[in-house]
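Peer 1: Make a model of the complete structure from these sequences and hints.
Residues in the sequence shown are numbered from 1 upward in steps of one, following the working numbering.
These aren't lab readings, by the way, just hints derived from the structure by calculation.
Cβ coordinates follow ideal geometry from the N, Cα and C atoms, glycine included.
Please note that the accuracy of each hint is not assured.
As the list claims (entries may be wrong) - No farther apart than 20 angstroms at their CA atoms in a straight line, the calculated lysine to aspartate or glutamate pairs in the EDC-like style are these:
(1) LYS66 x GLU160
(2) LYS329 x ASP281
(3) LYS74 x GLU429
(4) LYS66 x GLU414
(5) LYS440 x ASP338
(6) LYS440 x GLU430
(7) LYS440 x GLU414
(8) LYS22 x GLU33
Claimed, not checked - Computed Cβ-Cβ distance ranges for the label pairs, DEER-style:
(9) HIS307 x THR509: 35 to 41 angstroms
(10) THR509 x VAL27: 41 to 47 angstroms
(11) ASP394 x VAL302: 20 to 26 angstroms
(12) ARG342 x THR122: 45 to 51 angstroms
(13) ARG269 x LEU532: 36 to 42 angstroms
(14) ASP338 x ARG516: 23 to 29 angstroms
(15) ALA330 x ARG128: 23 to 29 angstroms
(16) ALA89 x ASN390: 42 to 48 angstroms
(17) LYS208 x ASP369: 18 to 24 angstroms
(18) LYS359 x ASN176: 28 to 34 angstroms
(19) ASP369 x SER177: 26 to 32 angstroms
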Amino acid sequence: MPDEINTNIEFTPEPANNPTIKYGVKVSGDAAELLRQSSARGNTVSLAPSQVTATADLLLWYVIRKTTDGLSFKNYQAFMDFVLCQDRAAFDSLEGFERDRIQNQKQPRFQALQGRRYLPYTDTDAYRLLKIATEAFLTVNCGVPFIYPGAQNLLSGPLEGLDLDQELRHISGLGNSDLVEQWWGDYLQATNGSNDLTLPYLMLIRRKLRGDDIIMTFNIESGTWTPDEERLCYGILGEKLTMPCFVELIWSYWHEQGMLVQTMNAISRRFQNVHGFADQDPLAMIEIDPLRPLNNLLWGYVQDEQHRLSLVRRAYEYDHHYGLTLEGKAVPKLRPADSRSRFLEAFHQLLHLASIFYKQDDDTTVRADAFPVLNALKDVHMLLSEGAHNQFGDLPVTARTEMLMQQWLLARPEFRELLPTRTMVAYPEEWMDRVDAMKKLQSWINTSVLHFHHLARYGEQILLSARFGSWSEVNDPEIAKVWARFWRSQIQGYIHAYSTVTGVDLTATNVWQQQRSLVTSQPSTLLRQRLLTGSNVPSLTAGGTSITLSKPFRERKEARKAARE
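Peer 2: What follows is the structure in structure tokens.
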């Protein structure tokens, strides 16, 4: 008698009062035998995310993430403590890759700059060393050569320490970890047929300038810089092709919105015995004794004010890069020649489409479509490249240098005694509680600087991947799918921080449909409204609920003053 399996299936359709449908199923022959064998092995059936074939772009995004992490305040502070204070413990706390860069690149660069950078002021040597060390840190960490001096292979450079299998598991990707070097070598392109490699996007720009010679100001083989005189010759600076600087000005913009610069300005005014803008100066009792190193550092910082970027120059460049503006009493009315007015909408559209993609991608019964994300990436890439002119090559690095110094000064232990910080709040970086304490004293916006820091960090990484990827040549949505999965933590972190800071939820579909003006509103405008109202601006959340406004801040302040009198 042939092998048979008989079973019954019952099914009750919705709603529950419908009659139950019964089916009889008979399985016989080879099918029955296979079913018995399968059940005996205890196999289970489950749904898993769709897999994608990773491309070499994944390696570029890894380099961007590693480079931006290398510019973190933790690494900067450890470098400063080692160079300025000879703190060996700070040096040993770094990864092996960072320790090698300090010994082989950063420290020699610091020593070379010491004989070339001077200040025309008396008793400013401590501040001069701080400024030179910060410049050396940025010079090495920002410009990333794709082949390091003396490297035996491509993996001895920025890809050192890459665990491709872990990265592929993170994105449900397919790839061969044994072919990473070949993969990376095929992705990079040689300039002028030499061993100097560059990115596909930068190679497209190089082809537009094919008639110009390349001036190699950095010797890859010896790891040394050529004399400055050669930089005056006509041609293309080779370091800009082979060592692109992975720094975005949006990092400085969000830290400035978080009141980092304003905090140092308030301290500088008090240091010079200038009364604050309020009737009662909250910093009136801050006295920095001359026995501490901070006193002389602030002296040099104040003396060097004329050599730092002004608020107006930064404001103009924020507008040129991203169409972003600053608002406040100190900000004059700008008259920019070129503004990226469409950038904010395009960038927020990219984040919104990415959030939709994640919802589809998490549903294992659906194959998520990444083509809208790809088109949004192309738009953002084009707008970013339009703003990559004039001061783009130097101002972002200069602004980063100045703000890193401000963070380092605020992180000094002397400020822990001078400002009423909250000890039990676990800020990831020492300077943050000083900024939040100043915001509390001055009655500035009460959103923690930590959220602005997340906007700066994640925004920089997202925009760098959009800027330096060769998106104008990409037509495969699978590459955009890998991009979205790789940067998922950063994108969702940026969306959350933006909602916390401005009150606008970029993932809410009804906001885009009903209040599109909120999504395209300047962050500075939203922040000013929150400062005046002491609450969120009226916006639609994912549930469509409006947020009620409280009384304006000035009215509440006047009421408290009247009650005291």
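Peer 1: Check each numbered hint against the structure and report the violated ones by number, ascending.
Peer 2: Hint check: 4, 5, 8, 9, 13 and 17 fail, others pass.
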